[in-house]
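Engineer: These are the residues of each chain, in order.
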Amino acid sequence: MGTCPLYDADRKMAGKRAALKAIDWLAFAERVPPNQRAMFNNLKTRSDAIGAKLSSLPEKPVTIDWSFYKTNVARAGMVAEFESKFSALTIPEPKDTATAAINTQEAEANKAAVAYVEASKARIAQYGKELEKFQNMIPFDQMTIDDLNDTFPETKLDKEKHPYWPHKPIAEL
Amino acid sequence: MLSRVVFVSANAVKSSGPLGAGLVQLSHLHTSPSSQAPVPALPDKGGKTRHGIIPEELFQLLYPKTGVTGPYMLGAGLLTYILSKEIYIINHETFAAACMGTVIIYGVKKFGPDVAAFADKLNEEKVQKAQEVKDLAMSSLAQAIQDEKKEQWRAEGRQMLFDAKRNNVAMLLETNRRERVHMVTNEVKKRLDYQIALQNLHRRMEQEHMVNWVEKNVVTSITPQQEKASIAKCITDLKVLAKIQQAKATA
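Those sequence lines, one after another, are chains A and B. Residue numbers 1 to 173, in my numbering, belong to the letters of the first sequence in order. Residue numbers 1001 to 1251, in my numbering, belong to the letters of the second sequence in order.
Hint data in this document are derived by calculation from the structure and do not stem from the laboratory. We put the CB at the ideal spot given by N, CA and C, even for glycine. Some hints here could point you the wrong way.
Each computed DSSO-like pair below joins lysine-lysine, with the alpha-carbon atoms no more than 30 Å apart [stated by the list, open to error]: (1) LYS168/A - LYS133/A; (2) LYS133/A - LYS1129/B; (3) LYS60/A - LYS95/A; (4) LYS1150/B - LYS44/A.
One-sided excerpt, in silico: chain B residues whose CB lies under 8 Å from chain A [what the hints assert, rightly or not]: (5) VAL1108; (6) ARG1177; (7) ILE1196.
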């Protein structure tokens, strides 16, 4: 009894089928921001369900004992016919329609991420500048009012708008 | 220098920073932000004076020429001059001025330090509030920088999401393929098993039919006479058995 070419086809195609990458869910979970945690949990449960379903199916199907059937089935030629047809049968592999979409998604996400990182770096630079300004400031007990107005322009009294002392609305005193 | 006369209580009030904005400041000559020279510190106390009004610099100025008593002699001489030449005439206003001066000096000496402390406290509070604002701003900026860095790190992990998705797709495809293979083999097996089951059923039915037919023939072949004989035999057997039982019961 030769091995069914059905299984051989699998082995030949195994190289074409994408190998499953091991995913470190812990590290992945660390990188998820808190506002996307629900989505991540959904993804994980779905992935786990799919994986469980996959592992519940045995890889090789039940082997058919042709010799037993040949000796016991009375109908002449039926078993031989079945056997020949079965060996000639190749099962078409299911088509992969989603991976292309995923790849385009990934490309877009990469672009968006690069843009985000750029913006983030700009923000960091801006924060850094402000932080530097605070660090290089002279201490408050060494400042005069002019120094204060230079460092914090919002403290400058508007002498055009309120020409008389105290140069600001009474409510703000 | 004479502007210090305006602030009579200058020696009692420690003029620091914003309160002394009107005083002549020798510091902050370089107000442009481009100059890198360090700004000299603001003076902690007001200018030193003697007897409350006369600045110390006058005494220092005259010391080399006239020694320690110089300025006093100068003052006395000036006083004599203006009195004798009647540049200042003593009248009743003089006495009023003297009384007022006494009271003022007494008041300043007694309450000056308290007022100074109060003013200083106000200033301290202002400075403290500003300091808090500054500290808060600095810490929040540092935190913001940390958060941004963390977000960048998070974005780096986007690869894993797509790996997970592709894995899911691959797993689904594999599951589907296995299902198909299983289905095919199971169907073929089912049909072959059906044939076998069918055969077994046939044999069983033939067997049963034969057995029934044999039984039926046997039953019909039993004649009524044979039946009577067998019933009589049964009755005699039963009587014997009953006797044996009675014997056993009484024994």
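Engineer: Now, for every hint given, state plainly whether the structure supports it.
Structural biologist: Here is how each hint holds up against the structure:
1. With a C-alpha separation of about 27 Å, the suggested pairing of LYS168/A with LYS133/A holds against the 30 Å cut-off.
2. Proximity of LYS133/A to LYS1129/B is assessed by CA-CA distance (about 18 Å); at most 30 Å being required, the pair is judged to hold.
3. Between the alpha carbons of LYS60/A and LYS95/A the distance comes to roughly 20 Å, so the proposed pair stays at or under 30 Å and holds.
4. Our distance criterion of 30 Å between C-alpha atoms is met by LYS1150/B and LYS44/A, whose separation comes to about 23 Å.
5. A hinted interface residue such as VAL1108/B counts as satisfied when its beta carbon comes closer than 8 Å to some beta carbon of chain A; here the least separation is about 25 Å, so the hint is violated.
6. Because the closest C-beta pair between ARG1177/B and chain A is about 6 Å apart, less than 8 Å, the hint holds.
7. The interface hint given for ILE1196/B is met, as the beta carbon of that residue sits about 6 Å from the closest beta carbon of chain A, less than 8 Å.
Hint check: a violation occurs at hint 5 only; the rest are consistent with the structure.
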